[in-house]
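Novice: What the sequence shown shows, in the numbering used here, is residues 1040 to 1080, in sequence order.
Keep in mind that the hints were calculated from the coordinates and are not lab data.
Even for Gly, the Cβ is constructed at its ideal location relative to N, Cα and C.
Any given hint might turn out to be false.
As the list claims (entries may be wrong) - Computed spacing ranges between beta-carbons, pair by pair: (1) 1070 to 1046: 17 to 23 angstroms; (2) 1046 to 1078: 15 to 21 angstroms; (3) 1078 to 1043: 17 to 23 angstroms; (4) 1071 to 1051: 27 to 33 angstroms.
To be verified - Derived lysine to aspartate or glutamate pairs resembling EDC-like cross-links, with alpha carbons at most 16 angstroms apart: (5) 1063 to 1048; (6) 1063 to 1075; (7) 1041 to 1054; (8) 1055 to 1045.
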Amino acid sequence: GKSTKEIADSFRISEKTIYSHRSKLMQKIGVSSVAELTKYA
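All chains should be built: construct the whole structure from the sequences, respecting the hints.
Specialist: This is the structure we're talking about:
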């Protein structure tokens, strides 16, 4: 997978935006770690 910085650079948005979207998605689907999020995907 790509790092947060790589994702942010490819979408031309800040890393903070990535963290924010990831956090909201994690809350929505009910997972508490990035590992769980990856497994869900």
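Novice: The structure should be examined with respect to each hint, and the outcome stated for every one.
Specialist: Cross-check of the supplied hints:
Between residue 1070 and residue 1046 the beta carbon distance is about 18 angstroms. The supplied range of 17 to 23 angstroms therefore holds. For residue 1046 and residue 1078, the hinted distance range of 15 to 21 angstroms is satisfied, since their beta carbons lie about 18 angstroms from each other. For residue 1078 paired with residue 1043, a C-beta distance near 18 angstroms keeps the hint of 17 to 23 angstroms intact. Range check, residue 1071 to residue 1051: Cβ separation about 29 angstroms, and the 27 to 33 angstroms hint holds.
Taking the CA atoms of residue 1063 and residue 1048, the gap is about 20 angstroms. The hint is violated against a cut of 16 angstroms. Pair hint residue 1063 plus residue 1075 holds up; C-alpha atoms about 14 angstroms apart against a cutoff of 16 angstroms. Between residue 1041 and residue 1054, the direct Cα distance comes to roughly 12 angstroms. Compliance with the 16 angstroms bound is thereby established for this hinted pair. For the suggested pair residue 1055 and residue 1045, the alpha carbons sit about 13 angstroms apart, so the restraint of at most 16 angstroms is met.
Against the hints set out earlier in the document, a violation occurs for number 5 only.
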